[in-house]
Amino acid sequence: MKTPVLISTIPVLLFSCSKKNPEITPKVNTPTTEVIHKISVSDSIKVEDSAKITDVLTGEFHAKVLVFENISDKTLQDSLYAPLNIKLDNYSKQELQKGLHTKKEAFYQEIKELLSDWSPEFKQIWGQHSAMKVFSDKNDFLTVQYTADGYTGGAHGYYNEIYKVFDTENLKTLQLKDILKAQDPQIWSRILMDNFLKNDLDTEQAQMLLVKDIPLNNNFYFDDQHLYFLYNQYEIAAYAAGPILIKVPFADIKPFLNDTFKSRLKIQ
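Read the sequence shown against the working numbering and you will find it ends at 276, with the numbers running on by one and no gaps.
Treat the hints with care, since some could be wrong.
As the list claims (entries may be wrong) - No more than 25 angstroms apart at the CA atoms, straight line, and that leaves these computed lysine-lysine pairs for PhoX-like:
(1) K54 to K106
(2) K189 to K146
(3) K72 to K146
(4) K82 to K120
(5) K106 to K141
(6) K101 to K112
(7) K72 to K120
What the hints assert, rightly or not - Using C-beta positions, here's what the derived DEER-type ranges look like:
(8) Q191 to D63: 48 to 58 angstroms
(9) L253 to A190: 16 to 26 angstroms
(10) K54 to L123: 56 to 66 angstroms
(11) G162 to V142: 27 to 37 angstroms
(12) K141 to P257: 23 to 33 angstroms
(13) K220 to D57: 38 to 48 angstroms
FYI, nobody ran anything at the bench for these hints, they're computed from the structure. Please read these numbers as outputs of a predicted model, since none were measured by experiment. In this text, a Cβ means the ideal position worked out from N, Cα and C, and glycines have one as well.
Please build the complete structure, drawing on both the sequences and the hints.
Quick look at the structure:
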């Protein structure tokens, strides 16, 4: 009579094991959802090219873009590449490569059209250079830096920097209104001018200011302690001043900060 007893206990053991398995499964799958929604760089593309336009003039084109293949939101994709004047139906690596090729050909064509008005008499290189890179990635905020410089004749070339901050938690481009709840022009002109003068002891850029009031702009980024505004050449000062970076401590503008933003950066 012992054998039947052993046989009957086997199904009971199997049943008890199978009941425990479903409790473990959700814990294994949970972490993967966060990775899917992150804005992250999957690759980069670089194009470096030159072409002889005339006997004395060479065109030079350099460009580097980042690839974000895990982003499907078209509005966010457009925003990521807008500072480089790239707008595509599809931002795959292959399409971005084609987009850079189109920009290169357009630049060489632009040079040829400029030559109809004036052509250099000695050897020159006219160039267009642009790049994007991750400037910082912290607290679910991704900051991308865009730089561009070039020369197509004239007294001097050009250079500019643009910064854009992307909220990787909510998958959107961060706007100034997401940081500041109060943007009164008179108040902020005073804040920006005061902080500009504090940081101008070594650069002497203040001597080349073209404006009496410094306005807020959308070329900003931040770290744990400060909010930064960058003004490119001719925006508020002469070309010789170069880009002007104004650093504003969070400690001085706490009443103007949005509560949600303060919470995410743990600003007390």
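Please test the hint of 23 to 33 angstroms on the beta carbon pair from K141 and P257. holds (26 angstroms)
In this structure, is the beta-carbon distance linking K220 and D57 contained in 38 to 48 angstroms? holds (44 angstroms)
The hint says 27 to 37 angstroms between G162 and V142; measuring C-beta to C-beta, is that right? holds (33 angstroms)
Could you say whether the range 16 to 26 angstroms given as a hint is met by the Cβ separation of L253 and A190? holds (23 angstroms)
Pair hint K189 and K146, alpha-carbon separation not exceeding 25 angstroms: With Cα atoms ~22 angstroms apart, K189 and K146 stay inside 25 angstroms; holds.
Does K141 lie within 25 angstroms of K106 when you go C-alpha to C-alpha? Holds, at roughly 20 angstroms.
Taking only the CA atoms, is the gap from K101 to K112 under or equal to 25 angstroms? OK: K101 and K112 at ~17 angstroms, within 25 angstroms.
Supplied distance hint 56 to 66 angstroms, evaluated on CB atoms of K54 and L123: The hinted range 56 to 66 angstroms is violated for K54 and L123, with Cβ atoms some 28 angstroms apart.
For the pair we were handed, K72 and K146, check the Cα-Cα distance against 25 angstroms. holds (23 angstroms)
Given a hinted range of 48 to 58 angstroms, is it respected by the beta-carbon distance of Q191 and D63? With a Cβ separation near 54 angstroms, Q191 and D63 satisfy 48 to 58 angstroms, so the hint holds.
With the threshold set at 25 angstroms, check whether the alpha-carbon distance from K54 to K106 stays at or below it. holds (12 angstroms)
Quickly compare the C-alpha distance for K72 and K120 to 25 angstroms and report which way the hint goes. holds (24 angstroms)
This entry does not satisfy hints 4, 10, going by the numbered hints stated previously.
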